[in-house]
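Asks: Each chain, letter by letter, is given below.
Protein chains: 2
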Amino acid sequence: MDFSTTLQAAWARNDSLLCVGLDPDPAKFPAALKGRGDAILEFCKSIADATADLACAFKPQIAYFASNRAEDQLEALIRHIHDKHPGIPVILDAKRGDIGATAEQYAREAFERYGADALTVNPYMGFDSVEPYFAWKDRGVIILCRTSNPGGSDLQFLETGGRKLYQHVAELVATKWNAGGQCALVVGATFPAELAEVRRLVGDMPLLVPGIGAQGGDIAATVSAGRTASGTGLMINSSRAILYAGKDENFAAAARRVALETRDAINRFRR
Amino acid sequence: MDFSTTLQAAWARNDSLLCVGLDPDPAKFPAALKGRGDAILEFCKSIADATADLACAFKPQIAYFASNRAEDQLEALIRHIHDKHPGIPVILDAKRGDIGATAEQYAREAFERYGADALTVNPYMGFDSVEPYFAWKDRGVIILCRTSNPGGSDLQFLETGGRKLYQHVAELVATKWNAGGQCALVVGATFPAELAEVRRLVGDMPLLVPGIGAQGGDIAATVSAGRTASGTGLMINSSRAILYAGKDENFAAAARRVALETRDAINRFRR
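Protein chains in written order, with my numbering: chain Z, 66 to 336; chain V, 66 to 336.
Calculated directly from the structure, the hints in this document are not laboratory data. Be aware that one or more of the hints could be misleading.
Stated by the list, open to error - Below, a list of computed lysine-lysine pairs in the DSS-like style, where the Cα atoms sit at most 25 Å apart: (1) V/K93 x Z/K241; (2) V/K99 x V/K312; (3) V/K110 x V/K149; (4) V/K312 x V/K93; (5) V/K149 x V/K229; (6) V/K93 x Z/K229; (7) V/K202 x V/K241; (8) V/K241 x Z/K229; (9) V/K110 x V/K99.
Next comes chain Z alone, as it looks inside the complex (with noise of 0.2 Å):
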């Protein structure tokens, strides 16, 4: 089953946008873990338990694996998630850009080391950089856009031919780049008016959205501004509102009950 066909049933099979990052952070790490060797891993894999079923897919965000030499540790955690709950997508968050011969080593990584689901990359390379993931037929390619940082602006918001580079960017993607139909884009949840913009330029192309939660974007405006006609078409990601819910050994309660509070109250602007 491809990315896209994976997405839509999760969508509809748990009635949720959310999207879990996971950026596993030793330091706030409750206590019962600090100084295990697999610490990264059981904290990871107690979140995702903890909310498999209230998740539209997971994102381990991959710098906060590389920093604490824990490559095994996202190799165990994302076979972890794909045997034990099966139908949800492993976004890797590398946001990879370069040449095609490296794109290549880069997809092999993602999408044969790893078996991640969805990769996101960098657009500033351009098409060749891309192209080397869509060889993985089954797997998405989500595509930077406009990011839900302060900086995000400073060329994103450039103007070029009549409009910005954003929407320059999600135009390309959306008219010549998407022909396998593998693409997603990222697009910040501190942007309302230009997540209705993407949207409106895209068509129902699925948008990560990150930036709501400790990014501070609003939750009725993305939803309202980022939805497609049938109610999706969102991955709309929090990470460490989830992750740190919670500082003691009911970390992952905490973190459930922070999921859900955050998918309904998602879906209460769906419709």
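Since the structure of chain Z is already known, use the hints to place chain V on it.
Replies: Same frame as chain Z, now just chain V:
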């Protein structure tokens, strides 16, 4: 010693603007190395040892290690270069680009875990996605500007405010982002006119120039367009043409021969 000072000393000591790119592809290794668990490390060490007196920098490309589950070999390789060839900076080519909290994790990975002297980064997400790397004051931050691949033109050549996006990036880095003097730019050898334009915009800022050799860039045009008044300012990268100059057990000697020819070809046009 900071990155810029180390680089200047390496330019002078080895009379070289050549950066040796380490993109290890086990499928291209000589038969004697095939099947060895440490083949990537041994191959790259042999290349580094054979070329260290001819190079101003080494540039391992992390994708080639990550796709082969060889992060430990990358760690060992950088330690080896620092131990055996002090004074030759190591640039980790990873083209990172993410929000501040994640960028800090990538910085820890590059500068603490791997001990890299400099890191390549992508400017698409703006200043706050680049700023965290500057906290490591003695390290270099090498920002993509005009890349050597054909698709580089898709975004970088768009007109914005009377100039092209890559020119805007060059100016932004030269006038704002480089307050601490830690920046360099990536500008492909495949576009000498644009290399000259970037040199005009950024003064003596170091430029990392991929694209000679396998990618087809011309050495004379590159050096003439990109050198500073003092005949330096460039890290001209060659990867495949050096690494795979020989196919048998004499690969390191063959690599040395091509590295020497390339260094000398560059030097003919420097002064």
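Asks: In ascending order, which of the hints set out earlier in this document are inconsistent with the structure?
Replies: 1, 5, 6
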